[in-house]
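Mind docking chain B on chain A? Use the hints.
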Amino acid sequence: MDQANEIIQSLYDKFIQNPLAFTAFIILAVGVYVIYSQVDKLVDYIPTPAYENEQFGVSLNRDKQINDALEDAREFYGADIILIAQFHNGQYDLTRLPFTKVSITYYQGNLNPEEQDNLYSARPLSTMNKMMLRMWTDKENPKCIASRVENLNDILYQQRLQGMGINFVTLCPLTNIRNYPIGYLSAGYRTEETDPESVDIILDYQKTLAARISGYLEEGSIREKRD
Amino acid sequence: MSCNPAPHAVADLEPAYSDFIKRSKAKTLVINRVDGKFTQTIYAVGKTDAYLYVPIEVPENFPLIESLEYGCVTTKISRIGNYKEIAKRVGITHIVICPLEIGYIGAGYSDVPPIEALPQLEELSEITNEYI
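In order, the protein sequence lines correspond to chains A and B.
Position one of the first sequence corresponds to residue 41 (my numbering), numbered consecutively onward.
Position one of the second sequence corresponds to residue 3 (my numbering), numbered consecutively onward.
Derived by calculation from the structure, the hints in this document are not laboratory data.
Hints are not guaranteed to be accurate.
What the hints assert, rightly or not - Straight-line alpha carbon distances no greater than 27 Å define the calculated DSSO-like cross-link-like pairs of lysine-lysine that follow: (1) Lys24(B) - Lys49(B); (2) Lys104(A) - Lys247(A); (3) Lys247(A) - Lys27(B); (4) Lys247(A) - Lys78(B); (5) Lys170(A) - Lys141(A); (6) Lys90(B) - Lys104(A); (7) Lys141(A) - Lys183(A); (8) Lys104(A) - Lys39(B); (9) Lys90(B) - Lys24(B); (10) Lys78(B) - Lys104(A); (11) Lys27(B) - Lys49(B); (12) Lys90(B) - Lys49(B); (13) Lys170(A) - Lys183(A); (14) Lys78(B) - Lys24(B); (15) Lys247(A) - Lys179(A).
Note that the structure is a prediction, hence the values are computed from the model and not measured.
Excised from the complex, chain A in its bound form (with noise of 0.2 Å):
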């Protein structure tokens, strides 16, 4: 009891001492208990390597399946290239507006090197503005549409494509569940496709496309978010 007291006697000495650095001294010390206590909950929540692993392996499979459904689609369609960009804010975030930027994340094609030049570089979603503008013309229902590379309004794009050696290009938007942009889907082809039944064909297919790469592209953000 005497030792008790003798303790409380010396901890009053130092408050009054010094009353800031005690109390911040007590704050830390229950802090680091809560801490120490609650270690074994904390634990759950840190990834693990066999967790991180097979994450990654979920990661590469949906890889997988959106680049085998992109050759697939480009042989059917007979297309020189078909490719998935994806709309940013010039982070690594793909999902926040506004959008800024564009990049092509999936590509599937028969360009030769030179023509590759600078294709998975972020560009500017303004220098597709007019195209876009056609695509989300209705916002509740953005459409497809398909175009020749020579009566483009963009002229940035137009540039883009012909450096490519593509004359005649389709897109499809690509839309969460909820309906929000996330990107497009699109064709291109060195020769110019003419007959308007073919083109509506390809329209419809790639529409149907569009909405199965959404599915995965949405399967895999979801994951991301729930970890």
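Okay, now just chain B, sitting in the frame of chain A:
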């Protein structure tokens, strides 16, 4: 799994299926029922040795089956493990499949399918849905 659920309905549609094969240059046409983890061919016409009514197990979350949720799909047969050997024997290299309420309808080709195959098979799937 049950046997052919609607033999008379399929027999009624046989002229449509045969006509499709001729128009689209498909080698074969099959109708498959998908029931949980299993798929079962309930009808086949053309160059095929598909084992009717024999259930084949498909892996969980099989991408091709899941993709039917969005519409018709075209793919190389080499991507589908379960059917690779069967298709190789009859010379099928590509397939187009469209969703049905009971599963899917698929057409097999010995080369890249013509672009018109898609709307033709879509139309056939709509007709089939009405009967089965």
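Okay, which hints does this one fail, numbers in order?
none
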